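Undergrad: Chains A and B are the protein sequences, given in the same order.
Here the first sequence stands for residues 1 to 185, where the numbers follow my numbering.
Here the second sequence stands for residues 1 to 401, where the numbers follow my numbering.
Because the hints were derived from the structure by calculation, they are not lab data.
Honestly, I wouldn't trust all of these hints.
Now the stretches of chain B that chain A is said to cover, found in silico as 3 or more residues with beta-carbon under 8 Å [what the hints assert, rightly or not]: (1) 176 to 185; (2) 305 to 313.
Far from chain B by the CB rule (all over 10 Å, computed), these chain A residues [what the hints assert, rightly or not]: (3) MET39; (4) ILE60; (5) GLU62; (6) THR78.
No experiment lies behind these values; they were computed from the predicted model shown.
Ideal Cβ positions, reconstructed from N, Cα and C, are used throughout, including at glycine.
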Amino acid sequence: MSVKELRFHGRGGQGAVLAAKMVASAAAKEGKCVGSFPMYGFERRGMPVVAFTRFDDEPIREKSQIYTPDCVVVVDPTLLGLPNLFDGLKPGGVLILNSTTPLAERPCANLELSGVVNATRIAVEEIGRDIPNTALVGALAAATGWFTLDSVLEGLTEYLEGDMLEKNIRNARRGYAEVEVQTWH
Amino acid sequence: MDALKQPRPETRVITGNAAAAYAVRLCRPDVVSLYPITPQSEVIETLERFHANGTLDAEMVQVEGENSAQNVVCGASMAGARVFTATSSYGLVFMYDAILQTAGYRAPVVMVNVNREPPGIHAVCSGQQDMIATRDSGWIQVIAESVQEILDLVIMAYRLAEDREVLLPIMVNYDGFYLSFLAESVEIPEQEAVDRFLAPLNDQPPRPVLEPGSSKGCGAHGLGAGYVELRRKHMAALDRARGKFDEVDALFGADFGRSYGGQIDCYRTDDAEIILVTSGSAVGTARTVIDAKRAAGVKVGLVKIRMFRPFPIEVLTKALQGRKAIGVLDRSIAFGWDCGPMYQEIRALTPEIGTVPLLSFIDGLANMDITKPHIERVVDDIQRAALGHDYQSVTWIASGE
C-alpha cells in the first residue's frame, strides 16, 4: 500500500484530533509507519479544527500539512458546506461523513466512495454525549478496508480506559456496522 | 541513516510533547517546575499524570509564572538536584533574566522549549524566534526533527548537561504544533537501559552544590578579573560541549540503536555540488525533496543543524567546503540583518568555507507550512545560483516571494 493521507474536519470538543490519532494507532497496529497532527491556534470548543493522518509501509519523513488527501473525514455535519472541504482530494477519493441523511448527489468529481453514518446519534445512545469520533473511525475501517475493526479497537486502548473505553468500543463497532457506503465511477 | 527508520510498530503512537515527558520520567528528575503554555502544556500535564499515578517520583513545584519556573530549577540544581522544566515563547522570554542566571551559575538544567513565535506580534503559532531570542544566553541549544528524536534528545541532554567537563544548562527545542502535537510511532526505552546510560554521571567527582550550614555561595558580585575568568571558563565549557555532544550521540547509538550524527546530520552530501541547510521539522520534508531532486539528477545534499549553541563551526565548515552554492532555510529572522539567523551565522564562516553563492530563505513563520513545493523552489534557486545565474541573497518565501 502506498502512503494514505487523511484530512479530518471537526469542531473543538468533538474529538476530531483524537480520531486522527486513533486512525494512526489502528494503522500502527498493522505494522504501518504513521504520523498524525492537528492544526489550530488556541484550543477552543466549537471552533473548526483540521487534523491530518498519514500512514505508509515506508517511514514517513514529511512533516507538512496534507493538501492532496486520499480521504476526507467530516466529524461535524455542519462543515459539509465548507467551500474548501474537498480541496485537493485525489481521484478515487473517499469521504467519511457524520450525517443523518445519505448524500443526495456526488459532492466532488474526484469522490469515488463515501461512507455515511449517523455518528452523532450512535454517540448520544452509547456514550450519552455528542462525541462521534470513534463511530467514524469504525466507519472508515468498514468503508475502506484500510485496516481491520480489531486494529481500531486495539488502538482505542491507547487513549481511553474503563467505562469510556467500553462505551467507545461499542461506538466504533456500531459505526463499523451501520455505515452506508455509496460509490461513483 | 538509522535515525531515519521509524522504530518497530509495536511501539506506542505518542505526540512530541508526550515523548518529551516519557524521556524526562526515564531520567528520574528530583525536581520539576511546572507552568503551562500552548503548545507546551501537554509536557507538564503528562508529567503531572505520571506523578499522580506514582510512576514519577519527583518534587513537583507548581509556580505562578515562568520566571519562577526557571528560578526553582536553577536553585534546585545548585542544591544538587536533577531538574526539569518546560516552556515556550512568552514563557521563555518571561524567564529571560533567570535563564541568564542559570547559565552563569553553570547549573545543568534540562529544559524543553517548544518553539513558538514570541511576543511582538501575538501568534499562537510555530516559529523558532523564541529560541533565537535566547541564542546569546550561554545555554546549549539543540533542535529535534522527529518525535523519536525528541525523546532521545532529552535523554542525551541529561548526559551532556551533567558531564563535569560541561556543566551547562541545555534547551531542547522542537517546533510547536508541527512536532509538539505530531503523533508518531515511538520506541520508548526500558528504564534499566536509561539508568545504565546515565550511570556514568554518578561516577564523576561530585559537583559543587549549596548545602545548609556550608559556607559556599554563588552569584556573588563578580569583580573585574574574576568575572572575566568565569566568562572564559563558561566559553571553554561551551566549546567542549561540541565534541561531547558527538560522543554522547554515538554512545546513545551504541546503547539504543539510534544515533543522529552529533552536532549536524549530513544527508546525501558526499558528492553534492549544492547544499541546503535547515533544522527542525522542515528537515523531514526536505529529505523527501532531496531524494526527488537526486532522482532527477540534481547533485544536492542536506545538512541538518542539531546543535545551534555552541554553533557547530568545525563540522559545518567541513560539510560546506568545496560546494558550488549553499542555501540556508530559517524559520525565524535576524533583526538588523535582513536574513535568517542560521544564514547569518553560516555567513560568518565564509573565510573558512570559501566565497560561493550563499542564499538565505525565510519560511515557516507563524505556522506557515514549509511544504515540499517551497523546498523544491529553494533547491531550484540554489541550483541556478550554482550555475552562475544572478540570485537574490534573501528570499522571504513566507511572504510569497
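Undergrad: It remains to establish, for every hint, whether it holds in the given structure.
TA: Hints and how they fare:
Counting residues of the region 176 to 185 of chain B whose C-beta sits closer than 8 Å to any C-beta of chain A gives 8, which meets the bar of three, so the coverage hint holds. A stretch counts as covered by a chain when three or more of its residues have a beta carbon under 8 Å from one of that chain; for the region 305 to 313 of chain B and chain A the count is 0, and the coverage is violated. Listed as outside the interface, MET39 (chain A) is inconsistent with that label: its C-beta sits roughly 7 Å from the nearest C-beta of chain B, within the 10 Å cut-off. Once the 10 Å rule is applied to beta carbons, ILE60 (chain A) is inconsistent with being away from chain B; the minimum gap is 7 Å.
Not every CB of chain B lies more than 10 Å from the CB of GLU62 (chain A), the least distance being 5 Å, so the non-interface label is violated. With a minimum CB-CB distance of about 24 Å to chain B, THR78 (chain A) clears the 10 Å threshold, and the non-interface call stands.
Violated hints, in rising order: 2, 3, 4 and 5; the structure is consistent with all others.
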